[in-house]
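This is what each chain is made of:
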Amino acid sequence: MPTLQEIALKTAGVDARIVSGHRMCAGCGIGAVIKNVLAASDKPVIVLNATGCLEVVTTIYPFTAWNTPWMHLTFENAAAVAAGVESAYKSLKRRGRIESDINILAVGGDGGTYDIGFQALSGALERKHNFMYLVYDNEGYMNTGNQRSGATPFGASTTTVPAGKFSFGKPQWRKNLVEIAAAHRIPYVGQAAVHNTLDLYKKAQKGFNADGPAVLAVLQPCTTNWSFDPALTMQYSKLAVETNFWPLYEIESGVVHINTKPSNRKPIEEFLKGQSRFKHLFRAGNEHIIAEMQKMIDDEWARLLKIEESGIQF
Amino acid sequence: MGVRKAITGAEAAAEAMRQINPDVVVAYPITPQTPIVEQFAKYVADGIVDTEMVPVESEHSAMSATVGAEAAGARAMSATSSQGLALMWEIVAATPGLRLPVVISLVNRALSAPINIHCDHSDVMGVTTLGWIQIFSENAQEVYENLLLAIRVAEDTRVQLPAMVNQDGFITSHAVEPVEIFDDALVRKFVGVRSLNRALLDVEHPKSVGPLVLPDYYFEFKRAQEQAMSKVFEVYREVGTELSAITGKQYPFFETYRTDDAEAVVVVLNSAAGTAKVAVDAVRAQGKKVGMLKPILFRPFPYSEVRDALRHVPVVGILDRSMDFGAYAPVYSEFRNALWELDKKPATQSYIYGLGGRDIMTTEIEAVFEELLSGNLDPEHQRYIGLRG
Amino acid sequence: MSERKTWQEVELGVELPAATSLGYKTGGWRVLRPVWNASECIHCMICVGYCPDMAIPVVKSEEGVTGKGGRVFKGAVRLETNLNYCKGCGICAHECPSKCLSMVREEEAEQASCKL
Chain A
1 MPTLQEIALK
11 TAGVDARIVS
21 GHRMCAGCGI
31 GAVIKNVLAA
41 SDKPVIVLNA
51 TGCLEVVTTI
61 YPFTAWNTPW
71 MHLTFENAAA
81 VAAGVESAYK
91 SLKRRGRIES
101 DINILAVGGD
111 GGTYDIGFQA
121 LSGALERKHN
131 FMYLVYDNEG
141 YMNTGNQRSG
151 ATPFGASTTT
161 VPAGKFSFGK
171 PQWRKNLVEI
181 AAAHRIPYVG
191 QAAVHNTLDL
201 YKKAQKGFNA
211 DGPAVLAVLQ
221 PCTTNWSFDP
231 ALTMQYSKLA
241 VETNFWPLYE
251 IESGVVHINT
261 KPSNRKPIEE
271 FLKGQSRFKH
281 LFRAGNEHII
291 AEMQKMIDDE
301 WARLLKIEES
311 GIQF
Chain B
1 MGVRKAITGA
11 EAAAEAMRQI
21 NPDVVVAYPI
31 TPQTPIVEQF
41 AKYVADGIVD
51 TEMVPVESEH
61 SAMSATVGAE
71 AAGARAMSAT
81 SSQGLALMWE
91 IVAATPGLRL
101 PVVISLVNRA
111 LSAPINIHCD
121 HSDVMGVTTL
131 GWIQIFSENA
141 QEVYENLLLA
151 IRVAEDTRVQ
161 LPAMVNQDGF
171 ITSHAVEPVE
181 IFDDALVRKF
191 VGVRSLNRAL
201 LDVEHPKSVG
211 PLVLPDYYFE
221 FKRAQEQAMS
231 KVFEVYREVG
241 TELSAITGKQ
251 YPFFETYRTD
261 DAEAVVVVLN
271 SAAGTAKVAV
281 DAVRAQGKKV
291 GMLKPILFRP
301 FPYSEVRDAL
311 RHVPVVGILD
321 RSMDFGAYAP
331 VYSEFRNALW
341 ELDKKPATQS
351 YIYGLGGRDI
361 MTTEIEAVFE
371 ELLSGNLDPE
381 HQRYIGLRG
Chain C
1 MSERKTWQEV
11 ELGVELPAAT
21 SLGYKTGGWR
31 VLRPVWNASE
41 CIHCMICVGY
51 CPDMAIPVVK
61 SEEGVTGKGG
71 RVFKGAVRLE
81 TNLNYCKGCG
91 ICAHECPSKC
101 LSMVREEEAE
111 QASCKL
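Sequence lines, in order, name chains A, B and C.
Per my numbering, residue 1 is the first one in the first sequence, and the count goes up by one each step.
Per my numbering, residue 1 is the first one in the second sequence, and the count goes up by one each step.
Per my numbering, residue 1 is the first one in the third sequence, and the count goes up by one each step.
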């Protein structure tokens, strides 16, 4: 079992695969997500990065925070670029032109994954390229100032679906990326959250070691556009799990396993409060929206428990 | 001497790819490009090549995976047409900026709308500003040789730019012609293997490829890219000379046919150049001095060489198989530009022909020569060949 | 502008060597400084796992360091926060289970360190 000590030596040591000097917002958890995921690989990692927060803040020329081979091409194709890299790796290895064993990591935000990069991701999963896809999910287009994405939750106010006199924000629930990924019959899919370092690291290890594609979805509260004190990033991540808003679970070879079951789930209000995108839900007359949200979360949780209990394979 | 095979232009492209045996080929089907990747897939299936073939889910991913493979260190190839190229456009634009020498076949087909699967050049003329080396092929034989040439030019350390080898959809891609295929071993020696100097897979030397470049540096990278393009001419000549040693042929920037004493010349790309040669012979048989110029290397464009080739010609008709709506047609524009420096400029006339696969007849080109020689010109307005009404 | 590379000098294909961002110091962004009380630290590595700026150095110590309650901690131990990169987000202090970190206004911290 990995320990925090062991992980810390990898992420903060001289061999760290991503280093200081990047320009993430103060308190942005993406730094914690990516460093811990990269540390979980026991082989060199090639990173293929979709356009987004992580790409922009880590590689403003002539500076790069990457201490591992890294490439950015465009927004919607990290999985396709990874497919190309993996094919080159297989070919050059077969032809005896390279020797090293590697892992391949494609990484994007939720916009680059749930939305514009969805087709490329599905194609790469279906073709069973041996790579891991990591999505750091901040529930919208946060790099460009909080626009709605397919990962934005019900009730959230975004700049493209703002709350107003006739609108309470996004009227749809987010799509379930984890289940969609699992529907490709891939060996590993995990849902993690930035505050649970050990769980995140273990899931990343499983993803890297899987014999085939893996998908890892990580919730990453955005201090800038969810508008909370940057010191609270891990607290919001924790609350997302404790309210069942973002359950920690994994699907290994199609079998669902829930990693954390809150014994006494907290009401969703605890996660919502203090976030600017949900502020309007606390106005008088909007109680039913929060109630509806609570019901959706409880129904989803009940469904997940049932799937786990049944042992039915994805 | 090689072996003569009766094959299509698409199969000729696949033959070149068989000999190149790329590390990676990424493909998505689109008419009329499909037979290239089908034929190549068969080579893979039969173990004739040991390429890693990746049949992806869209052209956008096809180009993305090709670029990913190339950045990883592989020699990667692909092929497409029309809508496929349009869907790839974003990545087509990004490839030369990363200086990745991807080589693809483009089987020229009309762009929608209306949807049409037949030949014209509206696909390629939409990407000529993006920084790819553009090479045109009159027939299957040229398709085969141009692909071999393109690999070496693109990967040369002075260049490191992607290249597109064009052939006409159906007219070339699906028509069977005798094609001389040169010795496998000689060709393989000529194409060699791609250097791993810049490979992402060289994990001992990690690098970051494709960072965000702001106004303080973007301009410098683009100027460096232009410099690489300007090196293509000398590299193309050198590589052409090397290829000549195998094929016994010449690899000029453009072909001239009976232009030495010509009083009127037509300029035409790809397969219609073959038709134009027949028309030239027919008009010559009537005692009129006419000729033809067929551009081969279209990006970079050999302005001074074209100018020298045409400086003595009184009138030049430029035939375009696409339009630039509201502006001069693309090939016409290049030739007008090339001739501008001359004190005594040839008269020019723009013609549009063959859109959406409309056939062009030798008699129609003969009529063009008649018109050029008659002096009935209107250089400000393009004329249309084979159009009703 | 004069120290910047010319177009003849920029990298082929926009390829950067690794980890050049270490030359870009983000410490100047900081408003609050994490002040670490080493004698209260249990070297649990929670702050290290969380630090988004990779600004908490860790070394492997065979002989160990003295932390909370005079206990000697061996193995992975944290050092003083690297103020060249710490942006002062305060996650470390907020999450510290032994409350050995506190966020102090940068100017006060400056003054305090001057007095020392």
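The set of hints was computed from the structure by calculation and includes no laboratory data.
Keep in mind it's a predicted model, so treat the numbers as computed, not measured.
The beta-carbon is built from N, C-alpha and C at its ideal position, and this holds for glycine as well.
It is possible that part of the hints are untrue.
Within a straight-line C-alpha distance of at most 16 Å, the following computed EDC-like cross-link-like pairs (lysine to aspartate or glutamate) qualify [what the hints assert, rightly or not]:
{"hint": "1", "chain 1": "B", "residue 1": "288", "chain 2": "B", "residue 2": "183"}
{"hint": "2", "chain 1": "A", "residue 1": "93", "chain 2": "B", "residue 2": "364"}
{"hint": "3", "chain 1": "A", "residue 1": "202", "chain 2": "A", "residue 2": "252"}
{"hint": "4", "chain 1": "B", "residue 1": "222", "chain 2": "C", "residue 2": "11"}
{"hint": "5", "chain 1": "B", "residue 1": "289", "chain 2": "B", "residue 2": "261"}
{"hint": "6", "chain 1": "A", "residue 1": "273", "chain 2": "A", "residue 2": "252"}
{"hint": "7", "chain 1": "B", "residue 1": "277", "chain 2": "B", "residue 2": "366"}
{"hint": "8", "chain 1": "A", "residue 1": "128", "chain 2": "B", "residue 2": "57"}
{"hint": "9", "chain 1": "B", "residue 1": "277", "chain 2": "B", "residue 2": "242"}
{"hint": "10", "chain 1": "B", "residue 1": "289", "chain 2": "B", "residue 2": "324"}
{"hint": "11", "chain 1": "B", "residue 1": "289", "chain 2": "B", "residue 2": "305"}
{"hint": "12", "chain 1": "A", "residue 1": "261", "chain 2": "A", "residue 2": "300"}
{"hint": "13", "chain 1": "C", "residue 1": "68", "chain 2": "C", "residue 2": "40"}
{"hint": "14", "chain 1": "B", "residue 1": "277", "chain 2": "B", "residue 2": "364"}
{"hint": "15", "chain 1": "C", "residue 1": "74", "chain 2": "A", "residue 2": "6"}
{"hint": "16", "chain 1": "A", "residue 1": "238", "chain 2": "A", "residue 2": "287"}
{"hint": "17", "chain 1": "C", "residue 1": "60", "chain 2": "A", "residue 2": "6"}
{"hint": "18", "chain 1": "A", "residue 1": "43", "chain 2": "B", "residue 2": "204"}
{"hint": "19", "chain 1": "A", "residue 1": "266", "chain 2": "A", "residue 2": "242"}
{"hint": "20", "chain 1": "A", "residue 1": "43", "chain 2": "B", "residue 2": "263"}
{"hint": "21", "chain 1": "C", "residue 1": "60", "chain 2": "A", "residue 2": "15"}
{"hint": "22", "chain 1": "A", "residue 1": "90", "chain 2": "B", "residue 2": "202"}
{"hint": "23", "chain 1": "A", "residue 1": "261", "chain 2": "A", "residue 2": "287"}
{"hint": "24", "chain 1": "B", "residue 1": "277", "chain 2": "B", "residue 2": "260"}
{"hint": "25", "chain 1": "B", "residue 1": "222", "chain 2": "C", "residue 2": "15"}
{"hint": "26", "chain 1": "C", "residue 1": "5", "chain 2": "B", "residue 2": "366"}
{"hint": "27", "chain 1": "A", "residue 1": "266", "chain 2": "A", "residue 2": "298"}
{"hint": "28", "chain 1": "A", "residue 1": "93", "chain 2": "B", "residue 2": "202"}
{"hint": "29", "chain 1": "B", "residue 1": "5", "chain 2": "B", "residue 2": "183"}
{"hint": "30", "chain 1": "C", "residue 1": "5", "chain 2": "B", "residue 2": "216"}
{"hint": "31", "chain 1": "B", "residue 1": "222", "chain 2": "C", "residue 2": "9"}
{"hint": "32", "chain 1": "B", "residue 1": "231", "chain 2": "B", "residue 2": "156"}
{"hint": "33", "chain 1": "A", "residue 1": "90", "chain 2": "B", "residue 2": "50"}
Computed Cβ-Cβ distance ranges for the label pairs, DEER-style [as the list claims (entries may be wrong)]:
{"hint": "34", "chain 1": "A", "residue 1": "269", "chain 2": "C", "residue 2": "60", "range": "41 to 49 Å"}
{"hint": "35", "chain 1": "A", "residue 1": "147", "chain 2": "B", "residue 2": "89", "range": "43 to 51 Å"}
{"hint": "36", "chain 1": "B", "residue 1": "250", "chain 2": "A", "residue 2": "144", "range": "49 to 57 Å"}
{"hint": "37", "chain 1": "C", "residue 1": "84", "chain 2": "B", "residue 2": "216", "range": "19 to 27 Å"}
{"hint": "38", "chain 1": "B", "residue 1": "50", "chain 2": "A", "residue 2": "209", "range": "22 to 30 Å"}
{"hint": "39", "chain 1": "A", "residue 1": "198", "chain 2": "B", "residue 2": "46", "range": "44 to 52 Å"}
Verification of the hints:
Restraint check: the Cα-Cα separation between residue 288(B) and residue 183(B) comes to about 42 Å, which exceeds 16 Å; the hinted pair is violated. With a CA separation close to 55 Å, the supplied pair residue 93(A) and residue 364(B) exceeds the 16 Å bound. This hinted pair checks out: residue 202(A) and residue 252(A) have alpha carbons roughly 13 Å apart, not beyond 16 Å. A distance of roughly 12 Å separates the Cα atoms of residue 222(B) and residue 11(C); the hinted pair therefore holds under the 16 Å criterion.
Between residue 289(B) and residue 261(B), the direct Cα distance comes to roughly 7 Å. Compliance with the 16 Å bound is thereby established for this hinted pair. Taking the CA atoms of residue 273(A) and residue 252(A), the gap is about 34 Å. The hint is violated against a cut of 16 Å. Distance check on the hinted pair: residue 277(B) and residue 366(B) sit about 10 Å apart at the alpha-carbon level, within 16 Å; holds. Restraint check: the Cα-Cα separation between residue 128(A) and residue 57(B) comes to about 13 Å, which is no more than 16 Å; the hinted pair holds.
For a cut-off of 16 Å, the pair hint linking residue 277(B) to residue 242(B) is broken: about 28 Å separates their Cα positions. With a C-alpha separation of about 31 Å, the suggested pairing of residue 289(B) with residue 324(B) is violated against the 16 Å cut-off. Between residue 289(B) and residue 305(B) the CA atoms are separated by roughly 22 Å; this puts the pair beyond 16 Å, and the hint is violated. Distance restraint check for residue 261(A) and residue 300(A): the Cα-Cα separation of roughly 13 Å lies within the 16 Å cut-off, and the hinted pair is therefore satisfied.
With a CA separation close to 4 Å, the supplied pair residue 68(C) and residue 40(C) stays within the 16 Å bound. Between residue 277(B) and residue 364(B) the alpha-carbon distance is near 13 Å, which keeps this suggested pair within the 16 Å criterion. The suggested pairing of residue 74(C) with residue 6(A) holds, with an alpha-carbon distance near 12 Å, which does not exceed 16 Å. For the given pair, residue 238(A) sits about 24 Å from residue 287(A) by alpha-carbon distance, which is inconsistent with the 16 Å threshold.
Distance hint between residue 60(C) and residue 6(A) is fulfilled; the C-alpha atoms sit about 10 Å from each other, no more than 16 Å. Simply put, residue 43(A) and residue 204(B) have alpha-carbon atoms about 12 Å apart, close enough for the 16 Å limit, and the pair holds. For the proposed pair residue 266(A) and residue 242(A), the alpha carbon gap of about 6 Å is at most 16 Å, so the pair holds. Proximity of residue 43(A) to residue 263(B) is assessed by CA-CA distance (about 69 Å); at most 16 Å being required, the pair is judged violated.
With a CA separation close to 13 Å, the supplied pair residue 60(C) and residue 15(A) stays within the 16 Å bound. Using a Cα cut-off of 16 Å, the hinted pair residue 90(A) and residue 202(B) holds, with the two alpha carbons roughly 14 Å apart. As the CA atoms of residue 261(A) and residue 287(A) are separated by approximately 27 Å, the hinted pair breaks the 16 Å bound. For a cut-off of 16 Å, the pair hint linking residue 277(B) to residue 260(B) stands: about 14 Å separates their Cα positions.
About 14 Å separates the Cα atoms of residue 222(B) and residue 15(C), which keeps this hinted pair within 16 Å; it holds. At most 16 Å may separate the alpha-carbon atoms for a hinted pair to count; residue 5(C) and residue 366(B) exceed this at roughly 56 Å. Between residue 266(A) and residue 298(A) the CA atoms are separated by roughly 11 Å; this keeps the pair inside 16 Å, and the hint holds. This hinted pair checks out: residue 93(A) and residue 202(B) have alpha carbons roughly 12 Å apart, not beyond 16 Å.
Using a Cα cut-off of 16 Å, the hinted pair residue 5(B) and residue 183(B) holds, with the two alpha carbons roughly 13 Å apart. Annotation: proposed proximity of residue 5(C) to residue 216(B) holds, straight-line Cα distance about 10 Å (limit 16 Å). With a C-alpha separation of about 12 Å, the suggested pairing of residue 222(B) with residue 9(C) holds against the 16 Å cut-off. For the hint linking residue 231(B) to residue 156(B), the alpha-carbon distance of about 10 Å falls within 16 Å, and the restraint holds.
About 11 Å separates the Cα atoms of residue 90(A) and residue 50(B), which keeps this hinted pair within 16 Å; it holds. The beta-carbon spacing between residue 269(A) and residue 60(C), approximately 44 Å, falls within the hinted interval of 41 to 49 Å. For the pair residue 147(A) and residue 89(B), the supplied restraint of 43 to 51 Å is violated, since their beta-carbon distance comes to about 24 Å. Checked against the hint of 49 to 57 Å, the C-beta distance between residue 250(B) and residue 144(A) comes to roughly 53 Å, which is consistent with it.
Range check, residue 84(C) to residue 216(B): Cβ separation about 23 Å, and the 19 to 27 Å hint holds. With their beta carbons about 28 Å apart, residue 50(B) and residue 209(A) fall inside the hinted range of 22 to 30 Å. Hint check: residue 198(A) to residue 46(B), Cβ distance near 50 Å, so the stated range 44 to 52 Å holds.
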